[in-house]
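S.K.: Respectively, the protein sequence lines represent chains A and B. For the first sequence, numbering that gives the first Met the number 0 gives the first residue as 0, with consecutive numbering after it. For the second sequence, numbering that gives the first Met the number 0 gives the first residue as 0, with consecutive numbering after it.
The set of hints was computed from the structure by calculation and includes no laboratory data. Ideal Cβ placement from N, Cα and C applies to all residues, glycine included.
Incomplete in silico selection of chain A near chain B, CB under 10 Å: (1) R97; (2) I107; (3) H115; (4) E119; (5) K133; (6) G135; (7) R182; (8) A183.
Simulated restraints on C-beta separations: (9) A:L30 to B:R495: 19 to 29 Å; (10) A:H165 to B:K357: 52 to 62 Å; (11) A:K93 to B:V4: 43 to 53 Å; (12) B:I491 to A:P118: 22 to 32 Å; (13) B:V363 to A:L30: 49 to 59 Å; (14) B:G361 to A:R34: 54 to 64 Å; (15) B:G361 to A:K93: 52 to 62 Å; (16) A:P118 to B:A416: 14 to 24 Å.
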Amino acid sequence: MVAQTNNSVNKSTDENTLKMSVRSVQKTYRLGRVRVPVLHGVDLDVKSGEWVTILGASGSGKSTLLHLMGGLDRPDKDSSNPASVKFEDRDLTKQSKRALDRYRADDIGFVFQFYHLLPELSVLQNVTVGSMIKHGRLGYGKHRAAAVERAESLLDRFGLSHRLKHRPAELSGGERQRVAIARALINEPSLLLADEPTGNLDLKTGESILEAMIEHRRSAGLTLVMVTHDERIAERADRVIRLVDGVVVEENGTIS
Amino acid sequence: MLAMVAVMLSVATILITWSVMGGFLNALIDSGRTLVGDVAIVWPNVGFAHYDDLIERLEEDPMIEAATPTIETFGLIKLPDDRIELISIKGISAASYSQVTGFADTMWWKAIDEPTPKDYQREDIRLDEHYQQIFQDMESNGISMTRPNPKTGVIEPAGVIGIEVTGLNQRQDWGGYYPMTPMRALPDGGAERVDVFMPREGTVGITILALDSEGHPIDPVTQTIPIANEFQSGLYEVDQGTIFVPLDILQRMLRLDAAQRVEIVKDDENPFAVEVDPVTGEIGPKMKEIIGIDPARVTTVLVSGVEGSELEPVRTRIREIYEEFALAHAGEVPSSFQMENQIRTWEDLNKTMISAVKKETGLVLFIFGIVSFTTVFLVLAIFWSMATEKTKDIGVLRALGATTPGIAWLWIRYGAAIGFVGSVIGTGVGYWIVSDINAIHDWMGRTFNFVIWDPKQYYFIEIPSDVDPMKAAIVFIVGVMTCVMGAAIPAIHSARMDPVKALRFE
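With the hints as extra help, turn the sequences into a complete structure.
M.R.: Below is the structure:
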């Protein structure tokens, strides 16, 4: 087992530019009576506007780390070495459930490998649903026009303006993922968390998806944390983190 | 969709059951009220005097519409085929009785003013154009309780008898009647035809026990009563055991009519004093002396309140009026204290029947309510399965920032929407079925030979088909609530779902 305390990765010199800071994060799941440790004290800093790729094999804890960064899960409690997951100056581990919901709605966007579009909704509705969640059912009325306009603009940018009223089942895999990315961006988040966004796509489609994300990241100054096991994608990131069995074993600090 | 169909069926079933049973109860109550009026002042058996004064006092009051004197007693009736039955005999004053009750509307043998196509379909004899004048005469005879003597043509006082009393009216499948010719059993084992149509030439003999001045039964009295018409009140018990006769006839038979009050005298000064019998004109020794007049008596005064009046205030007012009346005739009529519990509303008089039907309605509703409550579990099961199927979507929504209450509210709103749509359709379907229940029933009978409501057995000609909007509203709300309840548990389950587990759910 690799020493957990020495897994520090990004020693950022300018704290003000930090978008996210993960410290001493451990996570153990229970499978019945069996405890399954997934993360063993991970440290990670992500600068504002940076693209960090987390590489690792299946079961290495990449998605778990992403979920913790997204406030979907909480790290294990260890009083001797308390974990922290800081987004800007907020420690997510100390936030209430309600505040975490707010954080996910306002500050971050999630992109999943299997798109997870809502099958009953149209493409446009799938994108605007994020805005609806952010503003609430009643508040959405006031923001609806703006949300629809932004959704249409995003979908247009991703080449889906002719698919607005289609259902997800009528789209190709690449199109679905582009809808999912548009959904993640609808509330103009400052951090995008992508869990193997091209993992379910062929090479060419995956490339186009990647290009769309890169292009948007550049134009919007988005911070991007992407989980993948594709070395070719990792090469294009600002920085690559390699996770092996819940431990950061390698860091590539060079900007591609 | 399944949940919506379940809600729709439950709502429609409950609405139909409640409406039909409620309609049945209302029809029964209306029938029970038809011949009673609103409030009855009852002094049974011996009756009470000065009722004309009481009626006058009552009718002067603005709360009272009308009042009428009646006598109620029991006796024996000899029918045209010589059968003898026990019968309830009501002496009424036809004109005023019709003002207080729906008596005039209960005449069966009458021309139908506005027949419907259904009436023609039923081949109702009352629609035969050859008999229209006869039926019109019969109706007016019944209402006035008179009938021309078939031999002499002289108008005579007559009675009105329940349609089911004589057994001479054959109840048809559609619930109406057709006159029939019965056979009279003969001692030699044979039988002979009794060719009689009651409202035209039928008579009955009634026998009662006359009362002495103390109200004790004494000698039996028999009188032949021509029948002017037959009535159908809607209550089988009434229609198969009641005859209305003119009040004055019954008063005479019971000796409740006005009479001379006499005293046995012994004239010591003139032992040879004589008197003339006013009937025979014969002269005899003086045995009694007229000391006054005993006024006629009745056992009941029926009262109807003005249109739209509440029963209790009318009863209270009647008690007050009776109190004044009793004071004015102190010693001759029951005191207001004695009469306290004898002033009864029509509901009191029909209490047993009403409460029995109410209980039956409640029982049926309870059973159907329990059956329909299973809809909650059906919705729960369907929603649970949907929530399981949508686990990943719930995870996505949580990832997008949806709150726990937001997720729960999503399901509950969905349940409410299903409940709303299901209840709207269910209420509509229920409303339509109840409104057209007789047509639907007829169609089922014709097409599938499937008859549930047999007018022969249920006495009412048609299935009650009114939907109370209040009942419809209650059933609708309960339908929506049922769905919300069914959706609540899956909603809570979904809301509490760990988003990470939800996202990883396979």
